[in-house]
Amino acid sequence: MRGRDVLLLVALAATWGLSFVFIRIASPALGPFLLVELRVGIAAIVLGVLVLARGLRASDLPALRRAPGPFVTLAVLNAAIPFTLISAAELVLPASVAAIVNATVPLFTAMMAMVWLAERLSAYQGVGLLLGFGGVVLLVGGGTLPFTLWVMLGVTASLAGAVSYAVGAIYTKRTFPDRSPIALTLGQETVAALLILPVAVSTVPSAHFTEVALLSAVGLAVFSTAMAYLVYFDLLQRIGPTRSTSVTFLVPVFGLAWSRVLLGEPLGAPLLAGLACILLGVGLVTRIGAAEATGGAPPTAVESLRTS
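Going letter by letter, the sequence shown gives residues 508 to 815 in our numbering.
Don't read these hints as lab results, they were simulated from the structure. Think of the CB as a built atom: it goes at the ideal place given N, C-alpha and C, for glycine as much as any other residue. Be a bit skeptical, because a hint or two may be false.
What the hints assert, rightly or not - Ranges of calculated distance between the beta carbons of each label pair, as one might list FRET restraints:
{"#": "1", "residue 1": "G649", "residue 2": "T682", "range": "35 to 41 Å"}
{"#": "2", "residue 1": "A560", "residue 2": "G775", "range": "36 to 42 Å"}
{"#": "3", "residue 1": "L514", "residue 2": "P773", "range": "43 to 49 Å"}
{"#": "4", "residue 1": "P777", "residue 2": "R745", "range": "37 to 43 Å"}
{"#": "5", "residue 1": "L704", "residue 2": "G650", "range": "37 to 43 Å"}
{"#": "6", "residue 1": "G633", "residue 2": "P575", "range": "36 to 42 Å"}
{"#": "7", "residue 1": "A560", "residue 2": "R509", "range": "23 to 29 Å"}
{"#": "8", "residue 1": "R745", "residue 2": "V708", "range": "19 to 25 Å"}
Full structure from sequences and hints, please.
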């Protein structure tokens with residue numbers, strides 16, 4: 508990788524790690540649905556302005572009118588469902604915990620690829636899955652979180668969001684192999700905004716429009732969604748999914764750092780141990796196992812991922 512690509516990966520990880528702080532601040536005030544609507548709606552507007560500024564051709568844009576179905580599915584799997592579930596989870600979960608749980612996306616991607624694409628898991632990948640999900644158990648049961656119904660529901664919602672991201676990664680690989688980054692991003696955010704709008708509008712009366720919540724929503728939309736997705740899809744095309752996977756290991760680390768610095772969240776031993784197990788499991792699933800299984804062949808769906 509070139510130095511520019513490394514810098515982009517680090518910047519992407521820092522931005523996605525910060526997204527969990529944005530959500531933790533804004534979701535309790537605005538509510539999950541309104542926050543997600545602001546996130547994808549503002550992101551779509553920013554991308555639309557970028558399209559006009561670049562003067563892109565019609566062929567560079569998503570074919571929403573000719574074939575809306577695939578973009579609807581992409582928006583549901585990669586934005587509407589996971590964004591909403593993670594925003595709901597952070598009503599009760601610390602941002603640091605949500606960032607760590609979200610790092611399980613490649614583990615679920617491996618499981619989905621095994622079922623959906625009939626890919627065989629190596630022994631390394633099997634061990635990686637056990638380690639990764641063992642890290643989640645350690646995170647939940649190690650004293651980091653109070654064992655309450657709401658906390659368990661929050662962890663379940665966060666894991667379900669990771670599952671949706673995993674399915675979305677495989678769907679994107681199969682359905683949009685040659686689409687431009689801006690077409691994928693603009694199509695995804697525009698359709699997601701339209702889908703969530705009716706529910707979001709109904710929650711407006713109960714929202715608290717504080718300045719810090721609105722600024723967090725704007726930061727989440729502009730930096731952690733519009734700009735981050737453009738960088739992510741661009742990196743996927745230029746350096747490939749295997750190298751882009753590096754961002755998976757950095758996002759939760761940045762998530763913990765931002766949560767500590769900006770929110771004052773504690774970093775206990777169970778939290779760090781859970782993170783270590785999950786990242787080690789992800790490493791075995793996406794790197795060692797994949798390298799042995801492919802033998803230099805093109806990367807499989809296991810190596811394609813997305814993090815919040």
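Hint-by-hint comparison with the structure:
no.	hint	verdict
1	G649 / T682: 35 to 41 Å	39 Å, holds
2	A560 / G775: 36 to 42 Å	46 Å, violated
3	L514 / P773: 43 to 49 Å	31 Å, violated
4	P777 / R745: 37 to 43 Å	38 Å, holds
5	L704 / G650: 37 to 43 Å	41 Å, holds
6	G633 / P575: 36 to 42 Å	39 Å, holds
7	A560 / R509: 23 to 29 Å	26 Å, holds
8	R745 / V708: 19 to 25 Å	39 Å, violated
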